[in-house]
Amino acid sequence: VRCTVGGRGVYEGQLEETYAYGGAAHAEEALGSTAVLLGSYCRFVDWIEDVARTLDKKAFSDFIMVLWNIWNSRNNRVFRDVEEEAKVIWERVTTTLSQDFLILNLLEKPMLPKPVVEEVWKKPGQGVVKINFNSTANGRKMSFRLMTSYHDGFVFGGRTGVIDKNVQAEWAEVHTLEESINFAMTKNWLKLRFESDCVSLVNQLNRMKADFSTMGHQIREILKLLDPFSSVSFVWARVVAIKW
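In terms of my numbering, the sequence shown is residues 1 to 244.
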């Protein structure tokens, strides 16, 4: 396997070295696939990702152990001028690797499972128009997108656009909020619910305190545009959880 950076080869993993330091049986199981050994990558992590997609959990676990063997032996050789026997290295990796590096055992369930977060979409109230908006800042331009729907899910439409503004991501969200309010004013809607995946902006809108920053002043000016509406709310929603 050859990994290159800028067209220059920086590492070539030799199968013979893998056998020497990893144990032939484990190396054969982990690197027995031709798809794993062939290929050219700009980053090592790309190769590891391809391997993870190719091997099953047991073989991938052996693969990680083989890589650690090579890495550990080379560190000892370079920094300590010590070249240990393959058997010594293999015994260390099988007994102390998980303790030293707290590597997750892919074959066992985690002791501390990831918490399951249930996201429940709440239907807007009767007569409420939902406006979902987000934006992207790239260089000297920003793009925005907003989509509107009625409380029963019927989609009215939306708006997209590109503005010549050199702004950061949060500022782009502020400008998109202003675009969303102006769009709602042209439709004469009275009840609005704004949804955004920008946590900081939603928090600022819901907990408006004495913010004397430039952004705080801009948000206060934008909120004045909401006076004609009878009810307005701001809700955070993941992009993947947004429901039209």
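Treat each hint with caution, since some may be false.
Below are the DSS-like pairs computed for lysine-lysine, each with C-alpha atoms no more than 27 Å apart in a straight line [claimed, not checked]:
| no. | residue 1 | residue 2 |
| --- | --- | --- |
| 1 | Lys224 | Lys165 |
| 2 | Lys165 | Lys191 |
| 3 | Lys57 | Lys123 |
| 4 | Lys141 | Lys191 |
| 5 | Lys123 | Lys191 |
Everything labelled a hint here was simulated from the structure, so no lab data went into it.
Note that the coordinates shown come from a computational prediction; the quantities given were computed from them, not determined experimentally.
To see whether the hints hold, each was checked on the structure:
no.: 1; hint: Lys224 to Lys165; verdict: 23 Å, holds
no.: 2; hint: Lys165 to Lys191; verdict: 30 Å, violated
no.: 3; hint: Lys57 to Lys123; verdict: 41 Å, violated
no.: 4; hint: Lys141 to Lys191; verdict: 31 Å, violated
no.: 5; hint: Lys123 to Lys191; verdict: 14 Å, holds
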